[in-house]
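The sequence shown lines up with residues 7 to 184 when you count with our numbering.
A couple of the hints might just be wrong.
[Claimed, not checked] Keeping only pairs whose Cα atoms sit at most 25 angstroms apart, straight-line, the calculated DMTMM-like set for lysine to aspartate or glutamate is:
1) Lys73 to Glu148
2) Lys120 to Glu54
3) Lys70 to Glu118
Since the hints were made in silico from the structure, they are not lab data.
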Amino acid sequence: MFTYALMDKVKQRKKRAAHGYPLPQVAALAYRWSEAGRLEMLVLSSRETHRPVIPKGWPIKGRKDWKSAEIEARQEAGLVGQVIRKRAGQYRYWKRIDRQFVLVQVSVYLLEVKRQLDDWPERNERVLIWLPPEDAALLVDETDLGALILDVARDLRRQRDRVTGLPEGAGKPVAETT
7 MFTYALMDKV KQRKKRAAHG YPLPQVAALA YRWSEAGRLE MLVLSSRETH RPVIPKGWPI
67 KGRKDWKSAE IEARQEAGLV GQVIRKRAGQ YRYWKRIDRQ FVLVQVSVYL LEVKRQLDDW
127 PERNERVLIW LPPEDAALLV DETDLGALIL DVARDLRRQR DRVTGLPEGA GKPVAETT
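With these hints in hand, go ahead and build the complete structure from the sequences.
Below you can see the structure in the form of structure tokens.
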């Protein structure tokens with residue numbers, strides 16, 4: 007719904023961009039571990055250009071950035087999980103707003119997905135796919151986002167290997183029998 011408040015926000019963003027400042031956005035880098043113990047990351051289609059992206063949007067006034075990212079993941083992909091409140095990284099991209107391109111700086115927060123809702127606001131507007139991080143990194147257009155996906159995947163796998171003592175894909179440990 008288009009309102010005067012939204013029009014004011016758009017004007018403020020354009021003014022900020024015209025002065026050379028990158029516009030801030032927040033994103034959730036959603037991941038999960040498959041039953042086979044493999045790391046998967048979510049990529050979805052953007053609404054306007056249908057490019058492969060991660061859930062992202064403008065910061066929500068009065069909310070912390072990590073919370074805004076969590077809300078975006080729920081609205082765009084129906085994801086529910088545990089968000090890491092510390093920023094995982096950033097990337098920049100050019101966004102078309104009306105007839106001009108503006109630089110956007112995206113703060114990315116990790117979201118370990120616990121479940122996906124049966125219904126969510128943008129369900130019929132996007133295509134979602136869970137991929138190995140290496141494929142997700144190749145699919146997204148932004149080089150810096152692809153590099154961030156690979157860095158995060160490496161760190162998540164190392165953490166999991168330390169906890170389980172098993173390499174990725176080895177499955178769950180089997181209880182010893184006596």
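Violated hints - listed by number, lowest first: 2
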